[in-house]
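If you're matching them up, the sequences are chains A and B in order.
Its first residue numbered 1, the first sequence is counted upward by one per residue in the working numbering.
Its first residue numbered 1, the second sequence is counted upward by one per residue in the working numbering.
Calculated from the structure, these hints are not laboratory results.
Where is the CB? At the ideal position from N, CA and C, for every residue including glycine.
It is possible that part of the hints are untrue.
[What the hints assert, rightly or not] Partner residues are not named here, just some residues of chain A that face chain B (Cβ under 10 Å, in silico): (1) L43; (2) F47; (3) I109; (4) E113; (5) E155; (6) L162.
Protein chains: 2
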Amino acid sequence: MPVIKSSREEAVDAIMKEFRKSGYDAASLARLSAATGLGKSSLYHYFPNGKEDMAKAAGARAAELVVEAVIEPLTGEGDLKARLNKASAGLSKFYNGGKTSCLVDLFTIGEAEAAAPGLAKSMAEAVLRALASVAEESGHAKKQAKLVAERAVIELEGALVLARALGSTRPFQRMLSRLPELLLANEG
Amino acid sequence: MPVIKSSREEAVDAIMKEFRKSGYDAASLARLSAATGLGKSSLYHYFPNGKEDMAKAAGARAAELVVEAVIEPLTGEGDLKARLNKASAGLSKFYNGGKTSCLVDLFTIGEAEAAAPGLAKSMAEAVLRALASVAEESGHAKKQAKLVAERAVIELEGALVLARALGSTRPFQRMLSRLPELLLANEG
DNA sequence: TCCAATATACCAACCGTTCGGTACAGTGAG
DNA sequence: CTCACTGTACCGAACGGTTGGTATATTGGA
Chain A
1 MPVIKSSREE
11 AVDAIMKEFR
21 KSGYDAASLA
31 RLSAATGLGK
41 SSLYHYFPNG
51 KEDMAKAAGA
61 RAAELVVEAV
71 IEPLTGEGDL
81 KARLNKASAG
91 LSKFYNGGKT
101 SCLVDLFTIG
111 EAEAAAPGLA
121 KSMAEAVLRA
131 LASVAEESGH
141 AKKQAKLVAE
151 RAVIELEGAL
161 VLARALGSTR
171 PFQRMLSRLP
181 ELLLANEG
Chain B
1 MPVIKSSREE
11 AVDAIMKEFR
21 KSGYDAASLA
31 RLSAATGLGK
41 SSLYHYFPNG
51 KEDMAKAAGA
61 RAAELVVEAV
71 IEPLTGEGDL
81 KARLNKASAG
91 LSKFYNGGKT
101 SCLVDLFTIG
111 EAEAAAPGLA
121 KSMAEAVLRA
131 LASVAEESGH
141 AKKQAKLVAE
151 RAVIELEGAL
161 VLARALGSTR
171 PFQRMLSRLP
181 ELLLANEG
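Hey, can you work out the whole structure from these sequences and the hints?
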C-alpha cells in the first residue's frame, strides 16, 4: 500500500536512476537536479554532504530493491524452481532486462571510490553473502556455496557490461537462463 | 623491430593507462597531461580532436595489445593446452592480475559513448569474433562457438568488476582458471 | 628556411558547493 | 484567538575552481 512517498524518498529513487544511467562522474549536480525536479541547493537540504550523500543513499536504496526483488523471493516459500524463476524475473526487472547498469560496477570507476570509500565493496559483499546463503541452503557445501555465489555475481556483472557495450539485451537474457543451474547443487 | 618509440606512441600508452585507471569522465585533460608528461598544446598536436581522439587511440592500442597477448598465442602453433596457458598468462598480464580495468566496460559509461560512439561496441565485437574463431577451431560448432565466446567475455568483464569492487584479485584469478575448460569443445 | 613540437596565455562553460533568502506549516505562550 | 517563534522545504544567484578547447608565440632540429 503506497501511502505517501516523502519528497526525499522520491528524490532518492530519481537519483539512483540517474546514477545507474550515467555513472558517478557523469551524474552532475545539474543532471541530478533535473532528474529530481529539485534545485541544486534543495538537494543539499536532503543530502548535506552533497554528491557523496546522494551516492550513499542511491546505493542503500539499490540494495533494498535487490533484496526485495531477488533475495526475498529466493529465501521465501514454495518449490525451489518456482523461487528461482521469481528471482530471475526480479533480476530482469531491476536491471531493466539488461539495459540498466549495476552500481557495483559504476561506483568502482572514477571519483566514486574517493567520494564514498568502500561503498561498492559493501554492496558487493552484501549480495555475495545473500547468494551464498541461498546456495548453501540449496545443498552446496559452505565453501562451494561461496564460489557459486561469486560466479553468479561475475556472470551478472559481466553480462550487464557486455549488453551495454553491444547495445543488446540478449547476453543478459542468456545469462539469466544460466543462473538457476549455477545456483543449484545438483550439477553435472 | 620497433626499437625507437615515437613520442606519440609513448603518449598513447600513457593515455591508455590513464583511461583504464580513471575511466573516461574522470580522465581529465590535466590528468592526461600529467600522465604523458606533455602539455595540453602537445596533446592537441597529436590528437587534434582532443579527448575523443585520445579515447579512440587508447581503444585501438588496447585492441592491439589484446591481440598480441591473447589472440595470437591462441591461434599460434603448439599443443592446445600450452596455447591456452600462454593466453591465460597474456590476459593476466594485460589486466595486471585483475587490478586494471577493461575499456569495454569503462567506455560504455558516462560521456564516453557520446564522445566516441560505437567505440566500445567495436572493441567488444572484435574480441568476440576472435574468441569465437578460436572456439570453433577447437571443435565447437559455429553457433556454439559464438555462445562460448560470449560467456568467456562475460566472465572476463564480470571478474574484473568484482575484483575491482572487492579490492581483491582472487575472483579474477579463479576466473582465469575456469577459462580453458570453457573454450574447449570437450566439456561434460 | 621550414615545420614539427612545445610553451604561454587565455576562453566560455561547467563543476560541486555555499549563501542569503522566501514560503509555509506547526507550536506554545499570553 | 493571536502572534511570535521555530523548523522544514525549497530556490536563485553566486562562489572559487576546473573543464575541454583555442590562439598565438617560440623553440630547435633537418
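Notebook entry, point to check: If you check each hint against the structure, which ones fail?
Noted result: Hints 1, 2 not satisfied by this model.
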